[in-house]
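Asker: Next come the chains, spelled out residue by residue.
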Amino acid sequence: DTGVSQDPRHKITKRGQNVTFRCDPISEHNRLYWYRQTLGQGPEFLTYFQNEAQLEKSRLLSDRFSAERPKGSFSTLEIQRTEQGDSAMYLCASTDDRDTEAFFGQGTRLTVV
Amino acid sequence: AQSVTQLDSQVPVFEEAPVELRCNYSSSVSVYLFWYVQYPNQGLQLLLKYLSGSTLVESINGFEAEFNKSQTSFHLRKPSVHISDTAEYFCAVSAARGSTLGRLYFGRGTQLTVWP
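Chains A and B, in that order, give the protein sequences. Convert by adding 953 to the 1-based position in the first sequence; the result is the number in our numbering. Convert by adding 72 to the 1-based position in the second sequence; the result is the number in our numbering.
The reader is advised that the hints may include incorrect statements.
[As the list claims (entries may be wrong)] Facing chain A, a subset of chain B residues (Cβ under 8 Å, in silico):
(1) Gln114
(2) Gly115
(3) Leu116
(4) Leu118
(5) Leu120
(6) Lys121
(7) Leu123
(8) Phe162
(9) Thr172
(10) Arg175
(11) Phe178
(12) Gly179
(13) Arg180
[As the list claims (entries may be wrong)] Chain B side only, calculated, beta carbon under 8 Å to chain A, not exhaustive:
(14) Gly170
(15) Leu173
(16) Gly174
(17) Leu176
[Stated by the list, open to error] Covered stretches of chain A, as calculated for chain B (at least 3 residues, CB under 8 Å):
(18) 966 to 972
(19) 1012 to 1020
(20) 1025 to 1035
(21) 1043 to 1052
Hints were generated in silico from the structure; no laboratory data involved. The beta carbon of each residue, even a glycine, is placed where N, CA and C say it ideally should be.
Construct the entire structure; sequences and hints are all you get.
Answerer: Shown next as structure tokens:
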């Protein structure tokens, strides 16, 4: 297993377009998290899943954002009608049942022009 | 909820000098504490963590941090830094009970730059 995988690594989109990111957690990790990191800031929590259930959503997750994990394995994060303020690094992390360490992917850098 | 304060946004230091990156947290419940390192255009890598037991924790590359409950601090130290330690360092906390360890609250980060 090569760790948490995110795709794409970079995405440039025009304002108003929809984008979708994918995260593949470490195999058999049942918890999956999404974070957003803007320039000069630490990562901020967006949402997390335990298996396929979305258990917590941050107030940062506006109605333009939706996350899914339909089969309890990979997850997608969709942003509709992107705005320039959505430009950020989107990070995915996963933990296993023992819940002793969160492993992060390399992130998807979104630029909205 | 929890919050983390990293007082220093940038710390420049010469190679082989000691360094301390400061981290203070606020929480009404018991917490787990972490330091993550981020290299340019990369994700986060766990450097070290405090979950329980000894309040002094060490990483494999010479960093150490001490959990001080009375001062609500978890400062990161290294006695002699290398140029390869240049990176952004993030302190983070999560609630020790009633939540999942991956639900993290991060500080704003400290950019450590090591000069030759």
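Asker: Would you mind marking each hint as holding or not holding in the structure?
Answerer: How the hints compare with the structure:
1. Gln114: 6 Å, holds
2. Gly115: It holds, given that the least Cβ distance between Gly115(B) and chain A is near 4 Å, below 8 Å.
3. Leu116: 4 Å, holds
4. Leu118: 6 Å, holds
5. Leu120: 11 Å, violated
6. Lys121: 7 Å, holds
7. Leu123: 7 Å, holds
8. Phe162: 5 Å, holds
9. Thr172: For Thr172(B), the interface hint holds, since the closest Cβ of chain A sits about 6 Å away, which is under 8 Å.
10. Arg175: Since the shortest Cβ distance to chain A is 6 Å, the answer is holds.
11. Phe178: Holds: closest Cβ of chain A sits about 3 Å from Phe178(B), inside 8 Å.
12. Gly179: 5 Å, holds
13. Arg180: 5 Å, holds
14. Gly170: 12 Å, violated
15. Leu173: With Cβ-Cβ at 5 Å, under 8 Å, it holds.
16. Gly174: 4 Å, holds
17. Leu176: 7 Å, holds
18. 966 to 972: Since three or more residues must qualify, the claim that chain B covers the stretch 966 to 972 of chain A is violated, with 0 doing so at under 8 Å.
19. 1012 to 1020: violated (count 0)
20. 1025 to 1035: violated (count 0)
21. 1043 to 1052: Since 5 is at least three, the answer is holds.
Consistency note: the structure conflicts with the earlier hints numbered 5, 14, 18, 19, 20.
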